[in-house]
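Start from chain A and add chain B according to the hints.
Chain by chain, the residues:
2 protein chains.
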Amino acid sequence: MTQLHGHNFLAGGLQGSEKTFTAVSPCDGSQLAGAFAMASTADVDAALTAAAAASGPFAATSGEQRAVFLERIAEEIEALGDALLERAHQETALPLARLTGERGRTVGQLRLFASMARDASWTDPRIDRAMPDRQPLPRPDLRRAKRPVGPVVVFGSSNFPLAFSVAGGDTASALCTGNPVVVKAHRAHPGTSELVASAIAKAVEACGMPAGTFSMLHGQGSVIGLALVKHPATQAVGFTGSRAAGRALCDAAAGRPDPIPVFAEMSSINPVFLLPGAVAERAETIAQGFVASMTLGVGQFCTKPGLVFAVEGSELEAFRQAVAKAVTAAPAASMLTADIRDSFAAGRDTLVGLDGTATLATAEATADTGKTEATAVVAQTDLATFLADPRYAEEVFGPASLLVTAGSVDELAKAADALEGQLTATLHGTEGDLAAAGSLVEILATKAGRLIVNGFPTGVEVCHAMQHGGPWPATSDSRFTSVGSAALERFIRPVCYQDLPEALLPDALKDANPLGLERLVNGVRGQH
Amino acid sequence: MTQLHGHNFLAGGLQGSEKTFTAVSPCDGSQLAGAFAMASTADVDAALTAAAAASGPFAATSGEQRAVFLERIAEEIEALGDALLERAHQETALPLARLTGERGRTVGQLRLFASMARDASWTDPRIDRAMPDRQPLPRPDLRRAKRPVGPVVVFGSSNFPLAFSVAGGDTASALCTGNPVVVKAHRAHPGTSELVASAIAKAVEACGMPAGTFSMLHGQGSVIGLALVKHPATQAVGFTGSRAAGRALCDAAAGRPDPIPVFAEMSSINPVFLLPGAVAERAETIAQGFVASMTLGVGQFCTKPGLVFAVEGSELEAFRQAVAKAVTAAPAASMLTADIRDSFAAGRDTLVGLDGTATLATAEATADTGKTEATAVVAQTDLATFLADPRYAEEVFGPASLLVTAGSVDELAKAADALEGQLTATLHGTEGDLAAAGSLVEILATKAGRLIVNGFPTGVEVCHAMQHGGPWPATSDSRFTSVGSAALERFIRPVCYQDLPEALLPDALKDANPLGLERLVNGVRGQH
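Protein chains in written order, with our numbering: chain A, 19 to 546; chain B, 19 to 546.
FYI, nobody ran anything at the bench for these hints, they're computed from the structure.
Heads up, some of the hints might be wrong.
Distance condition first, Cα-Cα at most 25 Å in a straight line; then the derived BS3-like pairs of lysine-lysine [stated by the list, open to error]:
no.	chain 1	residue 1	chain 2	residue 2
1	A	K343	A	K37
2	A	K248	B	K432
3	B	K248	A	K432
4	B	K37	B	K248
Everything numeric in this text was worked out from a predicted model, so none of it was measured.
Chain A with its partners taken away, still in its complex shape (with noise of 0.2 Å):
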């Protein structure tokens, strides 16, 4: 076992803390060794005033550099063996098979936000030659390049405890491009969170990064939370979690003296449309998949497939059945935190006691409190009751989900335009089906911002033609993704730089293009 000594990690050095608290286990409800230091808003101000005076020096490292140092974290996490899926297990009860694949999507973020360093392409330079006989006026030189924002806080979240955390997509896209990083770790997998932070730590000495690169935090969100959102220094924030938790943190974002980007990925219901023909052809196999992809990882996927809206008719009974048959049959699993089981069977009590709703099938197995296990359900009503009361699109963290049936296709485009913003909308459709659905997907197109057509939304690829984010509230800015290469462009901003002499710009927009770059040069885009 792998010792933990619970400090904050605080710009290269330890921090402790009067106040600790524990991990306990929601395999078996059990206390885990360690005990974590809660900080301070005193360490908040300390972290964030080391992560400010790193960023010049953070910012003028080489893409290179950068490279280098996220491959050192990723090299640094590996080496941490079994003992951090061990310990990720016990505090999560997700199985270690799943944390073994969600470790290597980790170390392959960081390697992928490395290639983006290197490559240096985010900077996306322009250069407007100057024009010094121009009429009735001469046009400077005139040359523009991204470069990083400042400070970001990112805050772990509960149901990736390695890829969206301490290590994480927002913390790789965020060093990428050369803003040092704030984390406050999830309260639920601190231990996971320490031995990250570890990781990080040796890799930022290692590479000779400014101690201020990296700090990690643990506490109570309601206290260092909004705290290092209201920070001066903080220039941008990443989160994932709760609806709630999310607009608290754009709210305080947005009070601040000069408000600063928060990038929220909240709420999504992932609703699945089933057009006829495809459920006249292949119902029990779409019932398969969507009963696997509403359970999977314990229904605690923010892409979880949580309604499906389909057309009434008797060739629907072949997948209430089929849905019926693998719902029943699902195992009670644990889920990540007692409290995110008790929020779960309130939904899911809420949900299946609205009037109009009945359940279409429950899981048999019973659920061991003990274990903090939950079991699966799908209720299902129709369509004039689902538009009539707001809380049938409430998201329901967890294996529940909603059959909602509609009189026609017509209806179920009616059905789309009622919905508020998502991360996902997925089709099934025969190619008559979608050839006929043509204003579905267009409707779908602007509350979504991934269609998927027979498939399922669960499993976030992590490539360049990515897009996890979507109209609110699925995430705060629908314009940025959390998930892919692209998610680095929310911590980069433009700087136009007129008449520089060549020794002051930065390398992407030297006249002798060191870097090698694609760039648009008076409107022309080339290597040149």
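Here is chain B on its own, set in the frame of chain A:
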């Protein structure tokens, strides 16, 4: 004289009102022809409901169709001929030569955005092809392109009655990418606004665009301005104006059930740093350029240099004398409105009246109140006094500026560090000065959207490399620009399409690449 009907433009129709207002000419205080209808909140709702209805069809137009539409707007504006310039002159007191130039810039912007619409590279297409055999999980086909966000509300500005008003840069960049626009006309130039709106309305009809593509309302910012921002259909806001008004709009947008982005360009004092070598070498030339820049357009540019920092010493005397000479000789000139003139007078009096301020020079000319005139002033103080009172760093909109003297170049860096966010920052230096001023350049890059060496900040080129937007309070979101081709990035968001059949994909993402775009395919950029 063109007859003005005074109505609001409501999605292709005209809408009058019981309540009207008239325009007053700042040239002589006379009441101008035309009674303009004050829009109601019902008109706001009608305009945005129509805009929402137009969103789908307008988004579905081709880039070529929108390019022709934007070019038609430009032609219709040109067809208004001298009547437009004359009315604009009467309403703003801006000289005809300036307005002629501004009209050229306005139609130039429309044509630039037409070329951007045609080009479609703004969709930033990315394709990551399926890998069905990948282990442990296959990769689906993922394609990402940007699309319009939906109805955009644009607030006309006082100081650019053409280039940042009804058919200005905000409108052009929103229309270019397929977003309907509802303009709140600035109250100071309703006749100019009507003429330009009529040009857009003609183009909408001639090009067969949906009626809700464009509306324009007259009225009070505190009533219909906030209603426009709070309307559920509004997806983004463009604004140029005061810090107080911009903040109010940002707060209203952030307080919505579904917050939306506001792109507010608000307040900037555009500091100029004089390095000692440059002062020794060419104090007089710099002084003349500085006074010309601060008095250009009667100091009514968002990029007016309102602060000059220099190292105290005998050589600065030549600069002071040349500034005094130029300011003393500067003519009185009419400001845009009586309110702006009164605000200027108050701001000027505050600045000059602060303990520790001395007047370096005031214009000898007498301001004619009947002509809404103001005269230039330059005050001076030392750095310690400046740093002790934040009122020194407040924007005074009009021909006033403050010289702040420091003890050393190191102190100039301290001054830079203390500044709020800026649209621009300027350095005057010899090669030697600049080589020694490295940290100053780096600090200014964190404070401003545009850095200028040996020039002046007024004159904002419309091009690809322009960045007109800096940290708060210069603008509300430093990651975006309101001038130049990148301005369109404010009004688009990405959508990822997973396993969509070819027929349902946007053209930018189809296999055959029918738009001939450069695309990022499996991470490799090329025309494929």
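Going back to the hint list, which numbers does this structure go against?
1
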